[in-house]
Each structure stands twice: as C-alpha cells, then as structure tokens.
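Could you build all of it, start to finish, from the sequences and the hints given here?
Letter by letter, the chains look like this.
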Amino acid sequence: MNEWHVPDDLRAAYLGGGLPDATAMSVEAHVESCSACQAAFPADGAWLETSWAAIADVVDRPRPRPLTRFLTALGVPGHVAVLLSATPGLARSWLLGVAGALAFAVFAAHTADRSMIVFLAVAPVLPLLGIAAAGARADSLYEVIAAAPIPRTRVVLLRALAVLVTALLVTALAARALPDYTAAWLLPALALSGAVLALGTRIAPHHASALLTCGWLAVVLAGREAVFAAPAQTVYAVVLVPFIYLGARRWNRL
Amino acid sequence: MSPDSDDAALLAAVAGGEMEALRVLHHRHAPWLRARLARRCGDPDLVQSAVQDTFVAVWQDAGRYRPSEGAAGAWLWTIAIRRLVSALRGRPAPVTGKPGVTESAEDLVLRAVEHGDLGTALSRLSPDLRAAIQATILDGLTVKEAAHLLGVPEGTVKTRVMRAKAQLRELLT
Amino acid sequence: MEPTLTVHDLTRRFGRRTALEGVSLAFGRGVTGLLGPNGAGKTTLIRVLATTLAPDAGRVAAFGLDPADREQRLAIRRRLGYLPQSPGAYPHFTAFELVEYVAILKEIDDRRARHDEVRRVLAEVDLGDRAHTKVRRLSGGMRQRLALAQALLGDPDLLILDEPTVGLDPEQRMRFRALLSRLGASRTVLLSTHQTEDVTTLCERVVVMRTGGVVFEGTPGELAAQAAGQVWLTTTPPEGTFWRTPDGRYRTLGHRPPAAVPGEPGVEDGYLLLLGGEQVAA
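Here the protein sequences line up with chains C, L and V, keeping their order.
The first sequence begins at 1 in our numbering and counts up one residue at a time.
The second sequence begins at 1 in our numbering and counts up one residue at a time.
The third sequence begins at 1 in our numbering and counts up one residue at a time.
Derived from the structure by calculation, the hints contain no laboratory data.
Be aware that a few hints might be false.
Stated by the list, open to error - Going by beta-carbon spacing under 7 Å, a handful of chain C positions derived as facing chain L:
#: 1; residue: Met25
#: 2; residue: Glu28
#: 3; residue: Trp52
#: 4; residue: Val59
Stated by the list, open to error - Far from chain V by the CB rule (all over 12 Å, computed), these chain C residues:
#: 5; residue: Leu19
#: 6; residue: Ala54
#: 7; residue: Leu141
#: 8; residue: Val144
#: 9; residue: Ala148
To be verified - Away from chain L, derived, C-beta distances all over 10 Å, residues of chain C:
#: 10; residue: Trp4
#: 11; residue: Ala43
#: 12; residue: Thr234
Glycine included, C-beta positions come from ideal geometry on N, C-alpha and C.
Have a look at this one:
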C-alpha cells in the first residue's frame, strides 16, 4: 500500500468511538486494504481465543455417523449415541450374518414341510453373537476401555441393548416374510440375552454366548415345538423378571 | 502455508481445507473487523457472533475469493457486515421494498474520497443521512440490508439516500 | 516429596510363568523410565499400575487410593492417562471420532467441552490437520501419536505409557520428548521403553527390570556409573563383543583388554552390564 498509515492517536480515537463519522469512514476505507494498519489494531487475547474456539467448534465438528444422528433424533443423549454407534457388535459383518441366517430360515420355512422350526431356533441366538462381539474383550480398544473411569457394566449393558434392539427389529421384519406370522421367538430371544449378560459377569462373554447357543439349539432339537408352547413361554417370561427389575433400577444410571 | 503467508495464500489454503490457515486469518483480521462492526452495533454479543459467522462463512466460501477483485480485507468486510445484518434479523423487520443502490451517488462519493472533499461534505449531513450513505455505499449493503442494520423501513433508507445524494451533489459541486 | 504411586511386594503369575516377583517401587512427580528386555515384566507392571490387571499378591496405591476397591479404582482412573502397548483402534473411525469415543469413556459428557478437548489433544500430538482422516489411512507413527492423544485427554495427573516412542520418526520423537518433559514438570509420568536414548534425554529416574524383578533404581547418571571402570577403548579389535566408535576405535565392556584406555561410561553401558555383563564381556 502507500506510505500513509493510521496514526496511533487517530486509531485510539476511532476505537474510543469519539471520531466524527466522516473521518471514521476514511480510517475504515484505509484499514480495509492495509495489512500494516490491520495488524496495528489491538488484539484482546482472551476474546480472540474464545472467538476462535467457537469458530473451530463449528468448522471442525465431525459429521455425526448416520446411526448417531438417528439415535440423537430419538432423544438419546449425544454422548450415549456416540457410544452406541461405536458398538463393535453392530459391525457390518454381524448384521450381514444376521440377515443371512434369517434369510435362510425364511427360505426353509417356505420349502420343506413349511415348518418354522429353523426360524424359531435361529432367531433367539442372533442377539447372543452380537452381544459376544460387543463384549469388551473382543474390542480392539479393550485395554483403553478397561482403564477408563466409565463403569464397565455400563458399556456392556448399553452395547448389549443396542445389539438386542437391532436384532429384534431385523428379526421382526424377517418374520413378516414367513408363511404364518409368529412371535414365539421373542421371549426366548430376550431370555437368552438376559442370561448371556448374567453369565458374562462370571465367564468371558464369547464363552457364555457359545455355551448358551449350543444349549439352546440342543434343547430345540430335543423338544421341537414344545420349546415354543405356552408353558415354555411362561418360563422365559419368568426368567426375564429379575432382568427387568434390575434394568429398571439401573436405567437412570445408564 | 505459514503464519506469515499473505491473505490470498491463506484463503487458498482455507479453500483446501487447512484449518490452521483459517486460524491465522482469524487472528489477523478479527480485531479490526470487530472494532468496525462495533461502530455499527452496540451489542458486543451480536458483534462477536457476527465475527464468528464471518469466519465460518470464510471456511465454506474461501474458494470464491478472487485476488484480482480486490484486497482480502475488503472481501472479509462485505461478509462481516452482512453477517451482522443477519445477526440483527432477530429484531422486528421493517417494511419491505425493492432493493437497489443508487449508482450515481456511489460515483459521487468515491470521487469525493479521491479529492478529499468528502470529509467536509459528509460532516454537513445530518447523522441519519450519513448513516444511510455509509450503509449503502461504503459498506455496500442493499437497501433491504441497510434497513435491517439501521432499524428503519426500507422506504426510509431510500428516501434518506436520495436526500443525502442531493445534498452531497450540492456541497461537492 | 510424597510419591504418587507406590507398589509393595507385587507378584503376578500367568499360569506357571511368573511375570512379576516381589516388586516394590515408588514413583513421584517427574518422568520415570522403565527399561528392560522383552519378558522382563514391564508390561505386566504397567498394566497393574494402570488398574487393568489385578496382582496375585502385594499392594498398589495411587494418590493414596487402593485399586482393589471398585470406587477407589474408578477415582484413580479419573486421574489416569494410559497408553497401552497395543492400543488398538477402530480403522473405520476418523482420528477425531476415535479420540472423542475415548473422551466419552472418560466421562466428558458435554459435547462442546468434549470437542474442544479432542481438538486440544490432537493439536498437542501434531495431528490437528489429520483430525478427519480415517484411522486406516494414518501411518504407523501417526497412529502411535493418536494413541498418545487419547492418553492426554482430561489432562491427567498420572500418565502411564507403554513403549510410547515405538514407530515415531526422529523429529516426532523430539517433539514427544519436549511434550513429556513439559508434562512431567507437574505430573507423574511413567514410560516403558527399549531405548536408552529416551531415558538419557527425558527421565529423571530410571528403573531397570529383568526376569520379573527390579535390578536397578536411580538416576540415569547412577545407571551410567554402574559401568564405571568397565568401558574400554582399543585401537585393534579386542576379544568378545565390541563395536566401532565414530573415531575408528573399538569399544568393549567388562574386563580390560590389552592396551586399552578407559572410556566414558553411558546409560547404555550401565544397562547392558546390568542385563548380563558377563556375556557382553566374554
């Protein structure tokens, strides 16, 4: 620019608001294109940092993952939504596995003897595999999570809940494709999920899940339809009672 | 990109997604933008939010800056004053009308700036007329935006600009 | 000065293998280096100190709190920053998302505060411009710095870092040392390493471990002094293990070879002699 710069006293008068408008306009017209005079404006360090932090917060905010956005829209607090969408059990591989198993079960129900036993046997164990994957030890950040102050049970329960809800929704959708609609899988699924969480406090989650999966399939093979009859369903409901009670007591701490 | 890079280089870096360049620009320009906005708005919170919005807009639109079209400071100011107008939008909006800037008045004022007669001439205008000229010509706002900034209906802005233009023509010729 | 962290008579076994045997130590403010070969028990000790592994016997206290008690353990973790040996990562996350995830585990629930803190630690490890890069696209050194960033979340009073300098290039190593020595001014920093250079440049105190026990505890100067009178320089290649110095002479440890002059002992010499001076000298 040219050699003239806004003198210090003129700038002080401008900043103080005591300058006649016409002179102020001339100061402004010059400062707009003179980097030396721009730099001469006093910077309030604290104001500058606050201003920058607010800008950085908008500019540098990551785009929330679709699942996080969905959960936040449902009213889940932001930090819980981020935690849930990072659940390793919800990985694509698990979802593909669930979809594949359900598709096969639906297919089997339409062929063969139109028996829904495959679907009924498979559906309740699908959440177990997800919960096992969500179990802390399968997590590649296991050691970091283990040293974090957040209570481990909180992480495990939140993740199990996310897996369970997802599995139930997908299964319910698949059940509509069955020749006859049935919800007989629902209570066993919930009961088995509760059992895997309870066992998971004693043994490793993937062991608990494998044990329960094998046990369940063995019982279904032995008992066939009886496993889904009314007396058995009552048993599943009764098994669920302590979990519902504990869950309700702990709900606000999640 | 370094802290000493010129504005055009920094804006190019911002357009390329370099946040550090935006930080340097902010620290370089926020102080004078803040002071200039503060002369047009007495509420420090509104000024602060206008400054913040300005640099968020710079982050999104840095690619639109063309060094050939003028100094980066002038470009930043056109953004900043419009952000301030947006921040003021919360107030009751004055009556609407057709936007438009009187070109002949602009030429007149710019010629006066060159000849140095402007100060004398402007100081003879009433404060209301002066503010209208400043908003529409020096700050480059549309009549609608000026109306928001000054808190008067658009028709009033137009009348004041016309009256100011007439008075200036009289004083400068 | 009151030590931040103490362990007393610590023992930990994995099956039939003893990883720690009767270890007693105290760590105060400043940077302490934990040196030792693979299998010496460094990582086991670090995991016990980081409250992720319970000892079979012995006592641990951090800030006067006992990690065996659940509430006190959580209180310790609130003041702890921990970089595990294999920190792990979710490759499909961005650097920002990964650190934010750990910030949530560290109970920084307010979004604005959390995001500001994530940006701060990323800038601290020079990853500010990689915040939105997916972890799988980061180089090994960058991932290591990312893992360090998560340990710095919440400005912890106690930093426990397991081999933090692995994979860092020389420039990053320098930055890292500057960062740690700044942090060490007001905090307790414990790092395990294979690099005696890290110890020489950074640590006020050094602990040397070997086969599950502590064989040395003192300043780097004292560790170097262990080799006093056992470092030799010759003009012709001596018997046994030796290495050439930049000025064309031969350096060896242990017994004095014929026609040798004494050399200046360093931390590395002291460390090597502690680990098995006989083999080096033989």
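Here is what the structure says about each hint:
1. Met25: It holds, given that the least Cβ distance between Met25/C and chain L is near 6 Å, below 7 Å.
2. Glu28: Glu28/C check passes; min Cβ-Cβ to chain L is 6 Å, inside 7 Å.
3. Trp52: 5 Å, holds
4. Val59: 5 Å, holds
5. Leu19: 38 Å, holds
6. Ala54: 9 Å, violated
7. Leu141: 5 Å, violated
8. Val144: 6 Å, violated
9. Ala148: 4 Å, violated
10. Trp4: 12 Å, holds
11. Ala43: 5 Å, violated
12. Thr234: The claim holds: Thr234/C sits with its nearest Cβ about 60 Å from chain L, beyond 10 Å.
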